[in-house]
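Asks: Listed here are the chains, written in short residue letters.
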Amino acid sequence: GDSVTQMEGPVTLSEEAFLTINCTYTATGYPSLFWYVQYPGEGLQLLLKATKADDKGSNKGFEATYRKETTSFHLEKGSVQVSDSAVYFCALTLNTGFQKLVFGTGTRLLVSP
Amino acid sequence: DTAVSQTPKYLVTQMGNDKSIKCEQNLGHDTMYWYKQDSKKFLKIMFSYNNKELIINETVPNRFSPKSPDKAHLNLHINSLELGDSAVYFCASSQAGDNQPQHFGDGTRLSIL
Chain A
1 GDSVTQMEGP VTLSEEAFLT INCTYTATGY PSLFWYVQYP GEGLQLLLKA TKADDKGSNK
61 GFEATYRKET TSFHLEKGSV QVSDSAVYFC ALTLNTGFQK LVFGTGTRLL VSP
Chain B
1001 DTAVSQTPKY LVTQMGNDKS IKCEQNLGHD TMYWYKQDSK KFLKIMFSYN NKELIINETV
1061 PNRFSPKSPD KAHLNLHINS LELGDSAVYF CASSQAGDNQ PQHFGDGTRL SIL
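Chains A and B, in that order, are what the protein sequence lines are.
Counting along the first sequence from 1, when you hit position 9 you're at 9 in our numbering, and nothing is skipped either side.
One rule links them: number in our numbering = place in the second sequence (from 1) + 1000.
No lab work stands behind these hints: they were computed from the structure.
Treat the hints with care, as some may be off.
What the hints assert, rightly or not - Stretch-level coverage of chain A by chain B, calculated; a stretch enters the list once three of its residues show a Cβ under 8 Å from a Cβ in chain B:
id, stretch
1, 42 to 53
2, 83 to 94
What the hints assert, rightly or not - Restricting the straight-line Cα-Cα distance to at most 25 Å, the calculated cross-link-like pairs of lysine-lysine (DSS-like) are:
id, chain 1, residue 1, chain 2, residue 2
3, A, LYS56, B, LYS1036
4, A, LYS52, B, LYS1019
5, B, LYS1041, A, LYS77
6, A, LYS100, B, LYS1071
Predicted, not measured: the structure shown is a model, and the values here were computed from it.
Cβ atoms here follow ideal geometry from the backbone N, Cα and C, with glycine treated the same way.
Using the sequences and the hints, build the whole thing.
Replies: Now the structure itself:
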């Protein structure tokens, strides 16, 4: 079935460090790919998305490129801040008209000053 | 101006009881969802409604019954609560169609004693 695999956390970084959170997927068909972020005590917020191969999603300094050849959608940020500490979820939907989001297990990011 | 609101935020109850969680969205979206997040942060879709019609029903026990009185509301009723129902339940909404971002509520933390 369709699935998303993320690197296990927590990822612990110092402020201004470079961030990569790996995400790979398995899907029948051509999925759209998303990164959602969950801050403590809150619901998920869409961070960025890409809907076809080689698309790059970007928002708030975060980027991810849809790589069909490696079935990956890795999240990157050049310089993290303490306020980026949160849980990051990679997810996919198949473009069937039914928006069933399939999530990865989430990766907790901890950024220290 | 809350977009997706859930009540209650916390729900503590005993095994065997029946409880409901309410969800309302003021975004004018056609589609609403319920997700369950377990203690390891894993998120899985339970139900989805489009214009009050059930379109996604994952393998959820019959004790869970969603109800959508109108397209702005999607409530979740749970009968005969079990220990394994302890989780955070998230409501979300989106426009219909592919690639539409889902907007999440802040969650309802259900604890079964």
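Asks: Against each hint, give a clear statement of whether it holds in the structure.
Replies: Now for the hints, and whether the structure bears them out:
Taking a C-beta to C-beta cut-off of 8 Å, the stretch 42 to 53 of chain A contributes 7 residues in contact with chain B, enough for the three needed, and the coverage statement holds. Coverage of a stretch by a chain is defined here by at least three residues with a beta carbon nearer than 8 Å to that chain's beta carbons; for the stretch 83 to 94 of chain A and chain B the count is 3, and the condition holds. Between A/LYS56 and B/LYS1036 the alpha-carbon distance is near 29 Å, which puts this suggested pair outside the 25 Å criterion. For the given pair, A/LYS52 sits about 42 Å from B/LYS1019 by alpha-carbon distance, which is inconsistent with the 25 Å threshold.
Proximity of B/LYS1041 to A/LYS77 is assessed by CA-CA distance (about 23 Å); at most 25 Å being required, the pair is judged to hold. Among the hinted pairs, A/LYS100 with B/LYS1071 is consistent with the structure: their alpha-carbon atoms are about 18 Å apart, no more than 25 Å.
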